[in-house]
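Student: Sequence:
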Amino acid sequence: MTPLEIIGLVSAVITFIDFAAENVAVLREVGTSGSATVKGNKDLTRRIKLLDERVSDIRSCGPGWARDIHEVRLLDLVDEYNDLTVKLLSLLDRLKSTRKRDVLWKSAKNIFMRDEKNTLVQDLDNCRSRIHLQLTQVMRHDFDRRLDELGNQGHQSLRELRDLRSSAKALELQINNLRHVPEFLEQLRATVEQSVAALYRVVQAQVLKEVYVDGMENRFEEHETTKKFLEDWAGPKSLITANFFFWRLGTNIQKSLNGLRRALLCSVLRAVPAMVETAFPKQWKQAVDGTLLNITAGDVEKALETVLLQPEFLSSHKIAFFIDGLDEFDGDHHHMMKVLLNWAKSYGDNIKLCVSSREWEIFRQRLRSCPKIRLQDITSRDIKSYVNQELSENEEFTDYALTDPRVLRLVDRLTDKAEGVFLWVKITLRGLKYGVLSGEEISTLEERIEALPTELEKLYQSILNDIQNGAHITKADRMTAMRTLFM
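Position one of the sequence shown corresponds to residue 1 (the numbering used here), numbered consecutively onward.
Among the hints, erroneous ones may be present.
Below are the EDC-like pairs computed for lysine to aspartate or glutamate, each with C-alpha atoms no more than 16 Å apart in a straight line [stated by the list, open to error]:
id: 1; residue 1: 255; residue 2: 327
id: 2; residue 1: 282; residue 2: 330
id: 3; residue 1: 458; residue 2: 327
id: 4; residue 1: 426; residue 2: 416
id: 5; residue 1: 87; residue 2: 125
id: 6; residue 1: 255; residue 2: 332
id: 7; residue 1: 372; residue 2: 332
id: 8; residue 1: 372; residue 2: 382
id: 9; residue 1: 426; residue 2: 455
id: 10; residue 1: 255; residue 2: 361
id: 11; residue 1: 417; residue 2: 446
Keep in mind the hints are simulated off the structure, nothing from the lab.
Build out the structure end to end from the sequences listed, making use of the hints.
Tutor: Encoded structure:
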């Protein structure tokens, strides 16, 4: 049986035991007093019929679901109880009377058949006790089996599973000293609720593991001021932040829309795990049944849309997406921008997007109406100060500056080409200082700066090419390239 089937069976049998206990108490009173009346027998008949219906509900599951000796034994006990029910109904039917002249005879007969009724009452009581003990065995065996299965699957919910196993063992120990059925049922209900909660947490973790993008939390740090602004924006709603960066040198998923959607969706579902089943109903069932999960790019796209379209979700949450490196996306940039802009427009003020990229024309055009910050506008003064400080410590450069004003243009040009990236400046300055030290002409230095790529990857590749392709460059150029790369 699956966990949900076990839980359904337990609920049905708990209802069965509740009603059985009440009926046994009534029957005991009748058997003890010997004062059964036509009305009393009718009431008992009604009770037994209702109980018979509950037994039929359990039997309607059929023997097909029973897959071990404990479950088969439980069905046998249900059948035994049903047989006793039929016997008692038959006995009560023989005691019915609708005519006044038969009342005296029926009353006498009721007294004579007291022993038979008492025997049936005792049998029913014993059978009920065996049923709730067998139910404990079924629950314990199923808990152990499910816990072993989950352990073999390598889930990270070990603490919860250990707690669940301990609860099952504790319940088994308490059964031996159990005297009151209501207390037992309350304990059993608590264990069932605990098992359901543990199952949900494990299934949620398993589905999220299949959605997760490796390394998606890298490169991000929280800025307290920004976080405070976002919390003010969210107001009474819960704030969810989600991050992703495209990486051209990474795996396919790290530079694709599928990876973007997975990272954002995973962050949202981690914050609101109750939405996992809504987002992935098919995969949720697979996880519950213990079958292999399969989450495709189409599933992720549909799941993200499903979550964002839930009225109760956006009525209580606001989301901020931070997406870095749009230029490193490996695909159709026009389509990517269409997706991002659609997110920004479709969900009103409930979603904010903060994206970053190099200043490619497509991004300038598609985002021209959006608020923006250019990194170089913020860092250009600091970069220029850094370049001046580094070069002023070089005596050759100082001598150049006194004789040729074009040297100062080198500082401005380096600052402009850096586009706000300090690492680019630091790398190129090494080569420039070595060129000045080697006595290169200003015009040569200007040409060298103009030839440098603005992207870091291409810059490194250019330096490596200068080192490897030594046939067409001078020894001084090769030395400059090596110094730039390794210093």
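Student: Which constraints among the numbered hints does this structure fail? Numbers only, ascending.
Tutor: Checked against the structure, the hints that fail are numbers 2, 7, 8 and 10, while the rest are satisfied.
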